[in-house]
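Novice: Protein sequence lines, in the order shown, are assigned to chains A and B. For the first sequence, this note's numbering gives the first residue as 83, with consecutive numbering after it. For the second sequence, this note's numbering gives the first residue as 77, with consecutive numbering after it.
Simulated from the structure, these hints should not be mistaken for laboratory data. Every residue gets a Cβ at the ideal spot worked out from N, C-alpha and C, and that includes glycine. One thing to keep in mind: the hints can contain errors.
As the list claims (entries may be wrong) - List time: in silico BS3-like cross-link candidates among lysine-lysine, alpha-carbon distance up to 25 Å: (1) B:LYS201 - B:LYS189; (2) B:LYS230 - A:LYS172; (3) A:LYS139 - B:LYS230; (4) A:LYS139 - B:LYS189.
To be verified - One side of the interface only, derived from the structure: several residues of chain B facing chain A at Cβ under 8 Å: (5) THR98; (6) VAL104; (7) VAL129; (8) GLY159; (9) SER184; (10) LEU185; (11) ALA198; (12) MET208; (13) PRO210.
Okay, here's what each chain looks like letter by letter:
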Amino acid sequence: MTSALTLNHYLWISGLLFALGIAGIVMRRNLLVIFMALEMNLNAANLALIAFSKFNKLVDGQVLVFFIIAIAAAEVAVGLAIIVALFRRKQTVSVNELNSMRL
Amino acid sequence: MNVHDTLFWFFSLAISSRNPVTSAMFLVALFVFMAGLFVLLEAFFLAAIQVLVYAGAVMVLFLFVIMLLNIKEAERRHFRLLGVVGGVAVAGALAWELAIILRRPVESLNPGKAEFGGGLEAVVKPLFANYMLPFEVTALLLLVAMIGVVLLSKEELK
Chain A
83 MTSALTLNHY
93 LWISGLLFAL
103 GIAGIVMRRN
113 LLVIFMALEM
123 NLNAANLALI
133 AFSKFNKLVD
143 GQVLVFFIIA
153 IAAAEVAVGL
163 AIIVALFRRK
173 QTVSVNELNS
183 MRL
Chain B
77 MNVHDTLFWF
87 FSLAISSRNP
97 VTSAMFLVAL
107 FVFMAGLFVL
117 LEAFFLAAIQ
127 VLVYAGAVMV
137 LFLFVIMLLN
147 IKEAERRHFR
157 LLGVVGGVAV
167 AGALAWELAI
177 ILRRPVESLN
187 PGKAEFGGGL
197 EAVVKPLFAN
207 YMLPFEVTAL
217 LLLVAMIGVV
227 LLSKEELK
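Put together the whole structure using the sequences plus the hints.
Specialist: Below, the structure written as structure tokens:
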């Protein structure tokens, strides 16, 4: 199967998605949305890895993506538990109000 | 407007929605689209995993927490000026670097090599050969994460 899509196309989407995730992390104030933007970043990395794996014909990239997905799932569980514990104590998820560690 | 632009604007909805639930739903769509791209790259196993783990488990967890916390929605879109300028600057710099690097086509390193497919067997076989140790460590990490979450969710942290 040949396709007109080259490695560059996938890297473009991956890079734009990563940039978008970074923008979301920096711009949004809601801790949950920031966390979701972080997931976008992980997905962008996954896409780049799979694209390189396909076009370099090495399976290792896909194995790495498998690990990334597994660890991202664990990370989400722990992160959300921390957010819930934080909300219980402070009653907010806005990073503007969670500034007790600010100098 | 080509496919890139459409995807880009659609993805950007996920970070710009006012309501976290809307954000989460767009993120689910994003994960499904990513699974579609994985299929285009012939990574069928990972596409299935992507839908199962991300669009299924992870996003259910997100939505569950959003509903659980019952956040009172901000009346107006609350962006800090510094945050917006910083975010646009960082994202723009990344996109600019990308544009420079990707002006020329990236060559394949192994042009003569055979394709490995991307089904279950091709991806899973290395897990039990070269990547045995990381695989086991990942299993341990999942266990530790589970115990940690149970501990964190306790009412009283001692």
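Novice: Against this structure, judge whether each hint is valid.
Specialist: A quick look at each hint next to the structure:
Of the pairs offered as hints, the one joining LYS201 (chain B) and LYS189 (chain B) holds, with about 18 Å between alpha carbons and a cut-off of 25 Å not exceeded. A distance of roughly 16 Å separates the Cα atoms of LYS230 (chain B) and LYS172 (chain A); the hinted pair therefore holds under the 25 Å criterion. Between the alpha carbons of LYS139 (chain A) and LYS230 (chain B) the distance comes to roughly 47 Å, so the proposed pair goes past 25 Å and is violated. Proposed proximity of LYS139 (chain A) and LYS189 (chain B) is supported: the alpha carbons are some 7 Å apart, at most 25 Å.
Annotation: interface hint on THR98 (chain B) violated; nearest CB of chain A at approximately 10 Å, more than 8 Å. Because the closest C-beta pair between VAL104 (chain B) and chain A is about 10 Å apart, greater than 8 Å, the hint is violated. With 8 Å as the threshold, the beta carbon of VAL129 (chain B) comes within range of chain A, its nearest partner Cβ sitting at about 5 Å, so the hint holds. A hinted interface residue such as GLY159 (chain B) counts as satisfied when its beta carbon comes closer than 8 Å to some beta carbon of chain A; here the least separation is about 5 Å, so the hint holds.
Of the supplied interface hints, the one on SER184 (chain B) holds, with its beta-carbon coming within about 5 Å of a beta-carbon of chain A, less than 8 Å. Interface hint at LEU185 (chain B): satisfied, since its Cβ lies 5 Å from the closest Cβ of chain A, which is below the 8 Å cut-off. A least Cβ separation of about 6 Å between ALA198 (chain B) and chain A falls short of the 8 Å threshold, and the interface hint therefore holds. Annotation: MET208 (chain B) was flagged as interfacial toward chain A, and the flag is violated, the nearest CB pair being 11 Å apart, outside 8 Å.
Restraint check, PRO210 (chain B) versus chain A: the minimum CB separation of about 6 Å is within 8 Å; hint holds.
Violated hints, in rising order: 3, 5, 6 and 12; the structure is consistent with all others.
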